[in-house]
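Asker: Sequences and hints are given; from them, build the entire structure.
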Amino acid sequence: MTKTCPARPAHPLASAVPLALLIAAALAGCGNKEEPKPAAAPAAAPAAAPTITVRIGHVGPLTGPQAHLGKDNEDGALLAIDDLNAQGVEIGGAKAKFELLSEDDQADPKQGTIVAQKLVDAKVNGIVGHLNSGTTIPASKIYFDAGIPQVSGSATNPKYTQQGFNTAFRVMTNDVQQGLVLGEYGVKALGAKKIALVDDRTAYGQGLADEVEKSIKANGGEVVAREFTNDKATDFKAILTKIKSKKPDLIVYAGMDAQAGPLMKQLRELGIKSNFLTGDGGCTPEFMKLAGEAAEGQMCSLPGVPLDKMPGGPAFVNKFKVKFNTDIQLYAPYVYDATMVLADAMKRAGSADPAKYLPEVAKTDYQGVTARIAFDAKGDLKSGPISLYKYVGGKLQFVETVGGGAGGSGGDAPVPAKGDGQK
Amino acid sequence: MAAAPASAAGRAPVSAPIPARVWVAYAGLALLLALLPWLVGGVLGLGNAWLRTLNFAVLYVMLALGLNIVVGFAGLLDLGYIAFYAVGAYMYALLASPHFGLHLPAWAILPAGAALAGLFGVILGAPTLRLRGDYLAIVTLGFGEIVRIFLNNLNAPVNITNGPQGVSGIDPLAFFGVSLAKPVVVAGITLLPLAATYYVFLLLALGVVFVTLRLENSRIGRAWVAIREDEVAAKACGIDTRNIKLLAFAMGASFGGVAGGLFAGFQAFVSPESFSLMESVMVLCMVVLGGMGHIPGVILGAVLLSLLPEAFRYAAVPVQKYLFGHVVVDPESLRMLLFGLALILVMLYRPAGLWPSPLRKRELKRSGP
Amino acid sequence: MDIFIQQIINGLVLGSIYALVALGYTMVYGILGLINFAHGEVVMLGALTAYSTITGLLGLGVPLPLAALAGLAVAALLCMAVGYTVERIAYRPLRGAPRLAPLITAIGVSIVLQNGAMMVWGRNYHAFPNLVPERQYDVFGATITLLQVLTVLLAALTMAGLMLLVLRTKLGRAMRATAENPAIAQLMGVDVNRIVSLTFVLGSALAALAGLMVSANYSIAHYYMGFILGLKAFTAAVLGGIGNLAGAMVGGILLGLIESLGAGYIGDLTGGFFGSNYQDVFAFFVLIAVLVFRPSGLVGEKVAERA
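Chains as they are written, first to last, in the working numbering: chain A, 1 to 423; chain B, 1001 to 1369; chain C, 2001 to 2307.
To be clear, the hints were calculated from the coordinates, so they are not data collected in a lab. Hints may be right or wrong, so weigh each one.
Unchecked claim - As a list, the in silico EDC-like pairs of lysine to aspartate or glutamate whose alpha-carbon atoms are at most 16 Å apart:
#, chain 1, residue 1, chain 2, residue 2
1, A, Lys247, C, Asp2191
2, B, Lys1182, A, Asp83
3, A, Lys321, A, Asp83
4, A, Lys246, C, Asp2002
5, A, Lys246, C, Asp2191
6, A, Lys323, A, Asp145
Said to hold, decoys possible - Over 10 Å on every C-beta distance to chain A, these chain B residues come out as not near it, computed from the model:
#, residue
7, Pro1017
8, Pro1105
9, Ile1189
10, Arg1222
11, Val1270
Source: prediction; values computed, not measured. Where a beta carbon is used, it is the ideal one built from N, C-alpha and C, also for glycine.
Answerer: Okay, here's the thing in structure tokens:
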């Protein structure tokens, strides 16, 4: 290395000054943040006060590679809070003012538990989130210990509700339910004999793909190739070339839209003519943008019933677009429902005190924008319906709803469903 | 912070008698560490989130001290250190969870985890003995990724690690029949789980500090420094560079293994995403930013870099409100941005780290590298 | 057989992209002995700037070839400015500092650039427009697209141009002299600071080109794309022998081929025990094997002395 020009500030105190500032700023920050806490705590109890403040905590990755989904979830929760405040909800005779405390867990399990603790410290009345199963599971223990109800709108790992925590709920079908439908649909409805499976080795992708594989075999189909990628990949040509040699009728991808889109495009570039089917992770307007024309005619599934078939669904889509000036990415409607489920339980219990309204959450029977929501004994969505969609002309076209038995069923006339694509 | 005493003590030989004021300082530090849970929870009113952050900070102190042996003492750039943390964590997770139905006690698993991680250290070290500098860095980086990928994929054909789903329901840490998951009563004082965990972590971290301090001034420690400064000369002086380097990898790795076991018991859940490359990079940042090769510096670096992102979490909104009157940038983007800036600024103002060793500092003053 | 040829083509195209990014790493390393961790983020900035410029101009009705060229130019200019600034602020003050200090600032710069880009371009993925007509050619039963042919050609041309610059021009000689020994180069009248700045500017312009090509090939641009790409390219540069231009090219192509063949054949090779999920493991094993037998990379001669 060069020995010339060692021009650098050398005063030892120079570093102490910014550091001290940082620490002072941090402490000042804490002080400010903590102040409203004692005020909010008594208010949350159902006193004779005319208004109470209900604080809902939300956690998801707001930075890092999955930030677009985390922000989408946060928007869903924000919209729910706005709607609740506009409705003027009364809880136990007091007018409730809802507040959202949103935290970033960067999809990191360690930060997931720290922010969970932070929200528990802030005495939130309920939690919506987290986004990833990997952060939801360790955090759920902290919420359970504090007795705070948690409703996730997107964690699909079956383990989440199998830990015996009476505070853990989800308004999203788990991998088993969706995998069952995808496999059966591929074999029966699409008539595929030879099916290739690709997953992204995340908890979501692997979990879903394993269930799809079981379902394919149970329905008499054959899995001719099981290939893998990762959730940051952009080049899929190598695994697709291998799949090409097996000549499958159908390729099922379990993973997110950011990979599904380019994968679809590269599929066609390699001259593979197979059909393509993907789960909720790829069932987005983003997928169609990224895949371009290659997406035409391919299919995907989403838990729940199409938004425009649900009471309040189309209104939700409009409000979302007006408020945030962006399309719904993926889980925002589910997080919206999750927030509403908490508020609904509070109303019925006449209290925002977690201990008082927790039993009511378990008894939920709520008409959400994604489905009619009721929980089974573990906290999973009871009889979650799954809807199938086709990508047509840059839009998601509803095909049919399988299972569940809520809302619209059977193949009606094609209607543009969730989101409205680009332009 | 440490500027004034460090420059004054710069020339003091290591074995000089320790003056009384140093003992007082040690006693004060011990008292502070002992009372920290009360200070954080009670006096400052910061809440349990900070206590949890503090527990992670102590874990990172162990990790940083372990990596410091490899990078700071022996001068071997390791970018895959988190793999050993992962080995320790999975060892605990698999031997004390419903996954295999095994529920071995913590006192048995933690040393076993340390030993296994140490073995992995040797496995990593052996093929890389001839490599230097950045070639070593990329191989260690690859090693870290290989371990993570195996953990992520060993759910088929035989389910060993449960793949990306991770292992859940891990037994909480328990020592001598006392579980840290429930409030612990010691001499009439009730300790909440987080505080009890803090004391256990602190005790083990102090053990690590003690071992590294003893190692630093031992024959082995001096051999490491000799290899760092000039490997050829060290060999010529009769140092068995191969074994000494392997020992550095093994020692460093075993500390990571212990920290990993504690992490698994603390979180009650492990999954491969906790052991990404970025974690390795963070631990390296702690070592270098604190003061490579200098134990107090490394501890400072680990504590600071664990607390800083959490502090920004609290500060991002109020500081903006104070400066501009309203929130200009959303706090989440700002938090990481500030963290990056902090890394740059600290290194620019203190290139040898916040609290470099006196020896290193003198070398730097004399000449370039 | 056609499958094997297809895998070779896949590997070549992927490898060309790695090589192009690796050139930026290796240029800086050759001169400063510094791993410029932030290089991947500069590639990302190039891709996103090109995306904004091209879609903006297309929206105004500018014809595609013109928009693409303008996109490249704007991206290159911005990346050059960023590269120059980063070197001045985060690396130059640390020349002569302990060796790992600039590594930490590089990590800091990379975090800042990534989160800065997130603020500017948002968190969503952007669909990169098609720059080249979608045309496919048949090679012994395998397919290759026009864009892929162009990618490989462009990478080769860039490499050749860079070689000419370094080996045949006065600037190149000054760069080589600085790499060899900066103090002596200074004595011989080389303005070392200027050469270092120029290297960063040149490397950043290459990064902009690489960013454009990555995004065009995969029709995607996102603020997080730089990290993995940078990592792979860094691996490629080390595989070839870091600090050596030809090494970056060889390492890049080789890494592309290893990944492609690994994903394609690892299942058959191990009797189905390992699948394409072990693609990266396979690549790193090859890397370790190469470095064990050639500790300074395939083409590298100089052993990095400092640790």
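Asker: It remains to establish, for every hint, whether it holds in the given structure.
Answerer: Hint check results:
Restraint check for Lys247 of chain A and Asp2191 of chain C: the C-alpha separation of about 61 Å exceeds 16 Å, so the hint is violated. With a CA separation close to 40 Å, the supplied pair Lys1182 of chain B and Asp83 of chain A exceeds the 16 Å bound. A distance of roughly 14 Å separates the Cα atoms of Lys321 of chain A and Asp83 of chain A; the hinted pair therefore holds under the 16 Å criterion. For the proposed pair Lys246 of chain A and Asp2002 of chain C, the alpha carbon gap of about 13 Å is at most 16 Å, so the pair holds.
A threshold of 16 Å between alpha carbons decides the hint, and for Lys246 of chain A with Asp2191 of chain C the separation of about 60 Å lies outside it, so the pair is violated. Simply put, Lys323 of chain A and Asp145 of chain A have alpha-carbon atoms about 36 Å apart, too far for the 16 Å limit, and the pair is violated. For Pro1017 of chain B, the requirement that its beta carbon stay farther than 10 Å from each beta carbon of chain A is met, with the minimum near 27 Å. With a least CB separation of 21 Å from chain A, Pro1105 of chain B remains clear of the 10 Å interface cut-off, as annotated.
With a least beta-carbon separation of about 21 Å from chain A, Ile1189 of chain B lies farther than 10 Å from that chain, consistent with its non-interface assignment. Distance check for Arg1222 of chain B against chain A: the nearest CB is about 26 Å away, which clears 10 Å, and the non-interface claim stands. Not every C-beta of chain A lies more than 10 Å from that of Val1270 of chain B, the closest at about 8 Å, which undercuts listing it as non-interface.
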